[in-house]
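Novice: Start from the sequences, fold in the hints, and give me the full structure.
The listed protein sequences derive, respectively, from chains V and X. The opening residue of the first sequence carries number 1404 in the working numbering; numbering runs sequentially from there. The opening residue of the second sequence carries number 10 in the working numbering; numbering runs sequentially from there.
Listed below are the simulated SDA-like cross-link pairs for lysine to any residue, each with C-alpha atoms no more than 20 Å apart in a straight line:
#	chain 1	residue 1	chain 2	residue 2
1	X	K843	X	S769
2	X	K843	X	L751
3	X	K45	X	P151
4	X	K358	V	S1447
5	V	K1445	X	E395
6	X	K358	V	E1444
7	X	K1070	X	H1091
8	X	K194	X	E73
9	V	K1413	X	P436
10	V	K1480	X	G398
11	V	K1413	V	D1512
12	V	K1413	X	G398
13	V	K1471	X	I373
14	V	K1471	X	Y372
15	V	K1430	X	V409
16	X	K738	X	Q717
17	V	K1471	V	S1493
18	V	K1430	X	H464
19	V	K1445	X	G398
20	V	K1471	X	N369
21	X	K337	X	Y15
22	V	K1480	V	E1414
23	V	K1480	V	S1501
24	X	K843	X	S766
25	X	K738	X	A838
26	X	K383	V	T1467
27	V	K1430	X	R461
28	V	K1505	V	T1477
29	V	K1430	X	Y372
30	X	K997	X	V1052
31	X	K843	X	P537
32	V	K1413	V	G1462
33	X	K383	V	E1468
34	V	K1430	X	L435
35	V	K1445	V	K1471
36	V	K1480	V	L1459
37	V	K1413	V	E1444
Not everything, but these chain V residues come out facing chain X in the computed CB check (under 8 Å):
#	residue
38	L1429
39	H1432
40	L1439
Just so you know, the hints here were simulated from the structure itself, not pulled from any lab data. Source: prediction; values computed, not measured. Glycine residues also receive a C-beta, built at the ideal position from the N, C-alpha and C atoms.
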Amino acid sequence: MAVCIAVIAKENCPLYIRSVPTQGELKFHYTVHTSLDVVEEKISGVGKALADQRELYLGLLYPTEDYKVYGYVTNSKVKFVIVVDSSNTSLRDNEIRSMFRKLHNSFTDVMCNPFYNPGDPIQSKAFDSIVSTMMVQAC
Amino acid sequence: MSVPDYMQCAEDHQTALVVVQPMGIVPEDQFFRIYKRIASVSQVSIRDSQRVLFIRYRHHYPPENNEWGDFQTHRKVVGLISVTSCTTTKEWPQTSDRFQGQKEVFGSTLYDSRLLVFGLQGEVAEQQRTDVAFYPSYDDCPDVEKRVEDFVESIFIVLESKRLDRATDKSGDKIQLLCAPFEKKDFVGLDTDSRHYKKRCQGRMRKHVGDLCLQAGMLQDALVHYHMAVELLRSVNDFLWLGAALEGLCSASVIFHYPGGTAWKSGARKPGVSSAADAGKRHRPGALTTNGISADTSTEIGRAKNCLSQEDIIEKYKEAISYYGKYKSAGVIELEACIKAVRVLAIQKRAREASECLQNVVYINLGQLSEEEKIQRYSVLSELYELIGFHRKSAFFKRVAAMQCVAPTIPEPGWKACYKLLLETLPGYSLSLDPKDFSKGTHRGWAAVQLRLLHELVYASRRMGNPGLSVRHLSFLLKKEVTQSLENYTSKCPGGMEVISLPDGLKLPPVSFTKLPIVRSVSLLNLPVSLRPHKVKGLLGQGMSSASPFIYSPITMHSRGDERSKKIDFQWVQGDVCEVQLMVYNPMPFELRVENMGLLTSGVDFESLPAALSLPAESGLYPVTLVGVPRTAGNITINGYHTSVFGVSSDCLLEGLVGVKSSGCMVEVVPSLPRLQLCTSLPRSAHLSSEDLSTSVSLRLFNGEMQQLTITLENIGTETLNTLELTSKNLSTKEKLFGEFLTWDLQDALSHLPLKSGQSVSIPVNISAKLDFSGQENLLHDLNDDGISVTGLPVSSPLRQVLKPRAENKPVGSDASKNEFNHVKMLEAVLTFKYSGGAGQVEGYSRELSLGVRVDVEPSVFFTRVSTLPATSTRQCHLLLDVFNSTEHELTLSAKNNQDLVLHASECQRYTHTHTQTPPSLKAISQSQRTSLLLRNELFVEGVLNQLILEHLQLAPLQWDVVVNGKPCDCDVIADCRVGDAVPLEVKLTNRSKSAVGPFSLTVVPFQDYQNGVQNYDLQDAVSFIGSNTFYISTVKPTENSVCVGALLFLYTGDFYLNIKFQDDSTARDLPPAWFCLPSVHVKAQEPVEL
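Specialist: If you want it as structure tokens, here you go:
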């Protein structure tokens, strides 16, 4: 399961970032932040004509020594980043995909909340709990 | 080889390496001046061929790197230029020896060398030597470049000869095996005769020749050689060299494809490598075009089919890198290859592949690296990421490099370098130190990372020994988050508003605490009412008429809405304290002390009086009033405010603030006016409800009481008071006021004008309250209770007056009725002093000072009831007035006719007044002896007698006069007559009404009253009429009269009454019956006097 899940707004500021263990938070901030480079590159790499039927799932953004970083971009250019432990080899690409889909659905729910201001950090409890189910249980 | 050259790029493969070194003691700046001049000769066209030789200069080159010269010839030091100072001839031999020694360092690879000697003159310098050049001084060496060019040419000759030597060496019998430094021991004892070995030798040699061809400017040949080498080496699985051959192939192709070079970014750092600027001048034999990249490479491929396509270059690079990866000792080579590949990828704009390459670079283990090398490595990584557009990644590595600068293992941490590097990371984290960008919202996001960076900046700047910078950054940090340590620093180094310039040219703009506290609204306050200037009306019209021809236009309203700097419609006065109210709140979770808070203005000299405030943690909106004194007249604009928080001064301009509500910031300041201070002899009171008043007094008076109020006006301003006017205005009251409420005499005060500063004048004002308390509803009610039919029965008709027994026992003094009568009435008036003087008067301004006077009038004496009683005469009636003393004092009531009545406190007494037919103008004057004060009051009957009662009190318009025996008769008058004598009876009708009346008929009926209820009308034999007993009165016109004359003859003595009956006539029916009340006549008939 994921060690860090982040939602990044169109303007590349974080809407939501959560990680386990919590003490290494800054490290994940750096990881996710730098992964945006790759995300942007991937988005811009796709031709304009193909933008419509673009695959939302970006796949592995980059592997680091300890983690693998996966990306997902909605059509409104909101980015989801999931960081998983490299040692966790049992995790398939398909599972990552389904995680992103779940995340996307939950995010859509958040956006549907009339009291949510687009661009504000996400504070929804429902979203939080969905994320929690995807995270590694902190020991 | 352990020192990687992070600046390597693919073109370096075609350069020849020349080391330029100082020898002995050479001043550094001088050396680098010479070095620069030497380095400017980076490419030399060879005279008789079309080829160009590229030179790469280094002033420092580790000899162990030189050992890799066989592996890749561009790593080989082929030339040496030594720069030395030599002042005397004696030193020369020694210098020469040292030059030899230096040559030996790179001896194995050197093609040629030069020695540049500066400062030596004399015969030694005269000698012509090719390898030594003598110059008198560092400034006087005009032909250095020429010398270097010659030197390069000589290198080229050697290079060319070597190339030809190797290329044509087809003998094949014994090809020397070229080795990388670490391989040497591996091949010891290997079978040198095997085919495998031979092939290996051949392949390596091919590759070497390829290198040489490339250096010698024969790109096509190089490509061919590389291709052959690749094939040969692939067959023998000589991976290291295969990698090198592939890399060579790539380099050659890159040079072919991108004549502009791939190292454009770091060109400035490498003076030895020609920059992109002179790319056009480069002449490459392999390339068709001499200037720039031809977009369509397919045309060239025909000519250069050996050249790799752009796609292939990357493929081959990857392959080469993977081969290098097999050898641990070739880490540096792998790393450099990676970097070169990244540069190519960057040009091809294939950022993702480049990033993968770079990712690989991170993992290449070069063994034990020194800290400096680590820093360099991270910096280069960061630069490369920047190159491929990965700004965040670049920032990350830059930050790592910065942290490496100050790693705890380093004995002397380079805080300056760390700080410098940290500053460079800022754009990557989309941080801007300019607070202007702050409000634009660029700072959204990644707070944790940004915060960390700012913290590091603060720490670094502090360790750098620049607390000023630290303060600036901390201030900035504070704008985002909370930090309290700022105060400690500011005590040592106050944070100012000036721009801090760093030595490297970066400017740190001042950070203003616009969020500490947050200002929500700014409103300019009008002056207090008493100080507001009023324009003389005549002048006011001009400004309005010029604005628009319409009195009202909705269009102007719209345009005014968005105008921020609109003028406010009130004025401030020069020299007077003016106020601006800010609504602020403290968003911080701690108490915020704001000191020296003042206004920033323009347009007028403004003396801002700073305020200090302390805002509780996370306070709500909190009003702060900033004050100041305009020193000159004109238009003043409030631009912002300045604060001092935690010792950091900030200037906050309103235009830069978001979410500040302002109703306009420009206001006119009019010239100074005098100021009056008002004090009264009475204590101040709360303000009156409706009006804006400077002061007000209130007092309590009994109705009819008069009191004097002394108003003292003091000129407390600086200007001289020239004019003073006093007006009063009674505020709306329903009460009927008798007489003047306020009276004054201003003459005495005006004689004191002009009033200089500090002088005062006093004005006496008399307050008298004369109100009517009697005309209250309950009074009328009482009348009804008395059974006097207000509608039907005539009050004034004494004859028909039937009085029911009055309810005398009515509890007048009881609480209930006391409340009923104790209505306190309020009188309000405003005294307005209008004054002017000084410069403001010239401009037509004046000031108004208003004093509110409020008097609660208590009832003193008033009528509670009114009723009438019939008098004996038809011409009179009795008016009964119940007078009530509601005060707690004893009062004496005196009427016009000097009838005194003493009224005790809360006592009600009846006062009888005989009401004549004269119009009711009765006045009752009451006097009370209250302590020493004399209360004079006039009680007015008018109030009591409302319209209805008055109607009944008035005389009937038809006046009947009955004259018996020549004597007018009324109720009480007894007419005397003699028995047997004819008694003339005359009835006279005078019409005082406005219309004609009549005709009427009257009948005189005599009767006798036995005083026991029996009335005898049967008097035919006792009284005889002479003539008719019935009179006829024809129509009587207004103001005319009609007289009917008859006569009576009394036959017996006795008391007789005559009842004159009015004969009902249909025509007169609409007239009220009261009009036809004729007096009854009492006639006393007596015995005739015996004469």
